[in-house]
Amino acid sequence: MRVDIQQSDYHAALATSVVIFGFDGQNLNVLLSEKQNPPFQGAHILPSVIVKANHDVEQTARELITKITGVSDWYLEQLNAFAKLYRNPEGRVVNIAFYGLAKLDNKLKNHLKKSGYSWHGMNDTPPLAYDHDDILDFAKERLKRRVKRRPIGFSLLPKEFTLNQLQVLYECALGKSFDKRNFRRKILSSDMLIDLEKKTSPTSENKKPAQLYMFDEPKYRKMTLKGYPFIF
1 MRVDIQQSDY HAALATSVVI FGFDGQNLNV LLSEKQNPPF QGAHILPSVI VKANHDVEQT
61 ARELITKITG VSDWYLEQLN AFAKLYRNPE GRVVNIAFYG LAKLDNKLKN HLKKSGYSWH
121 GMNDTPPLAY DHDDILDFAK ERLKRRVKRR PIGFSLLPKE FTLNQLQVLY ECALGKSFDK
181 RNFRRKILSS DMLIDLEKKT SPTSENKKPA QLYMFDEPKY RKMTLKGYPF IF
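If you're matching positions, the sequence shown starts at 1 in the UniProt record's numbering and goes up one per residue.
Source of the hints: derived by calculation from the structure; they are not laboratory data.
Positions of the beta carbon are idealized from the N, C-alpha and C atoms, including for glycine.
Errors might be hidden in some of the hints.
[Claimed, not checked] Keeping only pairs whose Cα atoms sit at most 27 Å apart, straight-line, the calculated BS3-like set for lysine-lysine is:
1. LYS198 with LYS208
2. LYS199 with LYS186
3. LYS222 with LYS208
4. LYS114 with LYS103
5. LYS140 with LYS180
6. LYS186 with LYS176
7. LYS109 with LYS67
8. LYS226 with LYS144
[Unchecked claim] Estimated spans, in silico, between C-beta atoms of each pair:
9. SER177 with PRO127: 43 to 53 Å
10. ASN27 with ARG184: 16 to 26 Å
11. ASN182 with SER33: 34 to 44 Å
12. ASN182 with ASP56: 41 to 51 Å
All chains, full assembly: derive it from the sequences and hints.
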């Protein structure tokens with residue numbers, strides 16, 4: 001069957017948006033900015049950009065988050081295409097969305113101060129412009145599925161961390177609480193953690209030092225590829 005394509009059929013733009021998750025030790029957050037021009041001026045949006053005709057979509061997404069954060073080594077995964085007819089009042093725009101995972105180190109924090117972007121609680125975001133609420137919801141569900149099958153902590157936690165930090169991360173991602181002993185037994189039996197044989201320094205908030213761990217990177221990479229059932 002012959003398909004006739006008219007010149008007007010090409011009049012659609014391609015964009016990409018990235019849901020960037022970051023973990024601050026207590027909450028999972030997403031990166032947003034306030035739109036500075038119409039339409040939706042003053043509303044919050046996800047990091048987004050139009051993809052140029054001669055550019056790759058994923059490379060454009062990576063360049064966008066590097067520009068915003070100053071970090072180039074990211075875990076990035078494609079989510080879905082968002083293509084409702086009237087999702088953008090300025091014209092037909094198809095959005096290929098991604099999500100990324102960020103470590104909240106000092107380099108990232110300092111760069112964000114100049115970028116106009118800020119962190120918002122994953123479940124406490126203001127209403128977003130366009131269909132970015134739909135994109136965020138899709139990303140949260142994808143993260144929930146991924147955390148059950150793949151160890152994502154390597155991309156969100158500092159190099160050295162406590163088991164409590166790891167548990168809080170999983171509780172935030174999955175939206176439920178775990179029994180402390182069961183969680184630790186499950187995680188330690190995975191054999192992907194290295195006991196650093198040192199503890200955190202006491203603070204005014206936490207006077208009892210906690211054991212520090214790091215990921216065994218070769219084992220972590222292997223588990224990331226083949227999957228692992230993190231079921232508690």
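Restraint status (C-alpha distance of LYS222 to LYS208 at most 27 Å) = violated, 34 Å
Given the hint of 16 to 26 Å, check if ASN27 and ARG184 actually sit that far apart at their C-beta atoms.
-> holds, 21 Å
If you draw a straight line from the CA of LYS198 to the CA of LYS208, is it 27 Å or shorter?
-> holds, 13 Å
Given the hint of 43 to 53 Å, check if SER177 and PRO127 actually sit that far apart at their C-beta atoms.
-> With Cβ atoms ~28 Å apart, the hint is violated.
Does the structure keep LYS140 and LYS180 at a Cα separation of 27 Å or less?
-> holds, 24 Å
Starting from LYS109, check that the Cα of LYS67 is at most 27 Å away, please.
-> Between LYS109 and LYS67 the Cα gap is close to 13 Å, so the pair holds against 27 Å.
ASN182 and SER33, beta-carbon distance inside 34 to 44 Å?
-> Given a distance of about 40 Å, which is inside 34 to 44 Å, the answer is holds.
Would the pair LYS114 and LYS103 pass a check requiring their Cα atoms to be no farther apart than 27 Å?
-> holds, 18 Å
Lying within 41 to 51 Å: is that true of the beta-carbon distance ASN182 to ASP56?
-> holds, 44 Å
Regarding the pair LYS226 and LYS144, is the alpha-carbon distance no greater than 27 Å?
-> OK: LYS226 and LYS144 at ~17 Å, within 27 Å.
Given the hinted pair LYS186 and LYS176, is their alpha-carbon gap at most 27 Å?
-> holds, 16 Å
Is the Cα-Cα distance between LYS199 and LYS186 27 Å or less?
-> holds, 21 Å
In terms of the numbered hints stated before, the structure departs from hints 3 and 9, listed from lowest to highest.
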